[in-house]
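Residue numbers (our numbering), protein chains in the order written: chain A, 1 to 395; chain B, 1001 to 1337.
In short, the hints are calculated from the structure, not lab data. For every residue, glycine included, the Cβ atom is placed at its ideal position computed from N, Cα and C. Incorrect hints may have been included.
[As the list claims (entries may be wrong)] Only some residues are given here: those of chain A computed to face chain B with a beta carbon under 7 Å:
no., residue
1, Asn168
2, Gly248
3, Phe249
4, Gly253
5, Asn353
[Claimed, not checked] Here are the simulated lysine-lysine pairs, BS3-like style, with alpha carbons at most 25 Å apart:
no., chain 1, residue 1, chain 2, residue 2
6, B, Lys1172, B, Lys1141
7, B, Lys1138, B, Lys1224
8, B, Lys1172, B, Lys1138
9, A, Lys331, B, Lys1178
10, B, Lys1053, B, Lys1077
11, B, Lys1172, A, Lys59
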Amino acid sequence: MNAASRPRRSWSLYDLRVRAILYQVLLVVAVGLVAWFLISNTTHNLAARKIASGFGFLKREAGFAIGETTLISYSAADTYLRALTVGVLNTFRVSLVGIVAATLLGTLIGLARLSHNWLLSRLAGGYVETLRNVPLLVQLFFWYTVISDNLPGPRQALSPLPSVFLSNRGIALPVLHAHPAHAWMAAALVAGALGAWLLARWARRRQALTGLPFPTLAVGSALVLGLPLLVFLLAGAPLHVERPVLRGFNFTGGMTLTPEFAALLGGLTTYTAAFIAEIVRAGVLSVERGQFEAAYALGLRPPRAMRLVILPQALRVIVPPMTSQFLNLTKNSSLAVAIGYPDLVSIANTTLNQTGQAIEGIAIIMAVYLTISLSISAFMNWYNKRIALKGATRS
Amino acid sequence: MKRIAIWAGALALAITWAGSAFAQSTLAAVKAKGYVQCGVNTGLAGFSQPDSKGVWHGLDVDMCRAVAAAVFGDASKVHYTPLTAQQRFTALQSGEIDMLSRNTTWTITRDTNLGLTFAGVDYYDGQGFMVPKKLGVKSAKDLNGATICVQPGTTTELNLADYFRANHMTFKPVVIEKLEEVTNAFFSGRCDVFTTDVSGLVSTRGSRAPNPADYVILPEVISKEPLGPVVRRGDENWFDIVKWSLFAMLNAEELGLSSKNIEQQLSSTNPAIQRFVGASGDIGKMMGLDDRWAYNIVKQVGNYGESFETNLTPLGFDRGLNRLWTHGGIMYAPPLR
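With the sequences and hints as input, model every part of the structure.
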């Protein structure tokens, strides 16, 4: 092994390092050849079949309508590029809301399954076993059928609360009419959050130095909620509610959550929550019993023991598999096509069908999902590193 | 499922060895494997739908059977690939199917940009709207603000957007790919309106509505939808075979030849009929087929009118535009000579 540490000009195949380099070169060449073969063959076949190619179609008028849009407006006169952007934003919307909801629901169920209450833990167990063993597509159809078959038409809509209407066209809700003060309230919210964060840092340091606790939660919440409220009151409490009204075929005004969105969100959330529950349970169980006992022996109450001792250790186990669940949820949102939610895949499919440019369409879908997945992955890796035991990080 | 099909299509395009599949003519390939692989609708009553025994029936299915009868002298030598609106062109482009007979509208984009060629028209159609009677809608002009169920990747989807833009109206589309799912959404009340070709509306109302009398088809027909079989571009011989199989069915009706009487007409002295049944001339050879190709089509599948009557008339279809030109319709086939 001494020979390996001293560089020696030997190009013999018996040299371990030469062989290692050779194998890597061969692998790169093989991958390159396969890629070249696929690309050149595809272009050749496309040309031979006289199928148009290239991304020029993105600037053409799309000509089809989209049922729901997020953030940006869209009409049939817009381009394919804008249509696809609407699709990406719709995917974002359902994934983001889904990830937050599934994490909350999954954590609750995971902790419920660990509960000493027999009924609660059995119920949570039943939930997990049922939900994760039924294919997601079936669950989506179930939710969609429940919503569109069981709810009445818009003219007979149920109204559980004033100005809230439940029908098979979705849930129509009143929304606040935009007012300049609302932007200032948002700014106040951000400022409050920042203040609370700084306060928490200061309190933690003070406690570490002096041992004096500080009511961070109460003061922090007061900052986060109080500042926007103050701005709201100073601006004269501008509240103009836009209520949904039944006009012609459907409700106009207000905000509508469509049955497709609701079914997709419900399906993704409950399905992924079942997996997250198990991950949370595994994480908590991975912390040794002695840690609980030690925390109690120090005089910490159960909630505080959970937050300060158990969770920080459990998170190390929880975060990596949780990342996969977030990625799964995002990718599973492409099942939206089955129930008609206009996500990226649904719109890209329509696009590639109207233009006939399947390869470009698929390439766009792949690029977008890859970008989303890598971003989530990068964020979760950063978070994982942050919560890792200091000094115990492995490269 | 759909993504798998499109993936498979893209992959097939990527790895098909450029020379092999393409150099061989479709006819030779079909003869070698012993059957015609035909793309059809996943289930549209009257056009293509399997019965309880799994046997496919319909006007579009009869087109596939006619080609098989012309090539093999046996109309049963067809394998069917049920395709959604979105899968159909990729399946044909990639060579997964030999011909597409799936109520597909002939448009210039499809004829030029997709590398495909339409081989004629087997049904003249137009797009319409179906609404529940209880909504009390009398005209498509009253549909402002309606929620409309539509299938993606169709000309229907584009015509719909055009029509509402032209009339300064708005609508909310609910876009679902599978015919079963989109009609379920409509009949469960998720949408106010279902739009597709009028033939599709009649067929859906007749075969899927809980109570057909509760639904009306509005009088407006907002587009031209000539439906016909499609083949890949670049194989003129195969294109001719599919095209003339359709024309043979139309010419047979015009000549008064049907599956019931063609046996006796074999010995007819009418020169047009002699040419048709292959008793004189060698029309079949010109296409690389048996001279009795047209006889086989009529004997086993029937003429166009017979196919229409068995498949569509029972569902309440009117021949309308699809009558022969000699009977006031626009069905007109070039002569077989």
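Going down the list of hints, with the structure as the test:
Here the hint on Asn168 (chain A) is kept, as its CB sits about 5 Å from the closest CB of chain B, short of 7 Å. Restraint check, Gly248 (chain A) versus chain B: the minimum CB separation of about 5 Å is within 7 Å; hint holds. Because the smallest distance between the Cβ of Phe249 (chain A) and any Cβ of chain B comes to about 5 Å, under 7 Å, the interface hint for this residue holds. Taking 7 Å as the C-beta contact cut-off toward chain B, the hint placing Gly253 (chain A) at the interface is violated, the least distance being around 12 Å.
Nearest Cβ of chain B to the Cβ of Asn353 (chain A): about 3 Å, under the 7 Å cut. The hint holds. At roughly 15 Å between alpha-carbon atoms, Lys1172 (chain B) and Lys1141 (chain B) fall within 25 Å of each other, so this suggested pair holds. Between the alpha carbons of Lys1138 (chain B) and Lys1224 (chain B) the distance comes to roughly 21 Å, so the proposed pair stays at or under 25 Å and holds. Between Lys1172 (chain B) and Lys1138 (chain B) the alpha-carbon distance is near 19 Å, which keeps this suggested pair within the 25 Å criterion.
Restraint check: the Cα-Cα separation between Lys331 (chain A) and Lys1178 (chain B) comes to about 21 Å, which is no more than 25 Å; the hinted pair holds. As the CA atoms of Lys1053 (chain B) and Lys1077 (chain B) are separated by approximately 17 Å, the hinted pair is consistent with the 25 Å bound. The straight-line distance between the Cα atoms of Lys1172 (chain B) and Lys59 (chain A) is roughly 24 Å, inside the 25 Å bound, and the hint therefore holds.
In summary, the structure is inconsistent with hint 4 from the numbered list given earlier, while agreeing with all the others.
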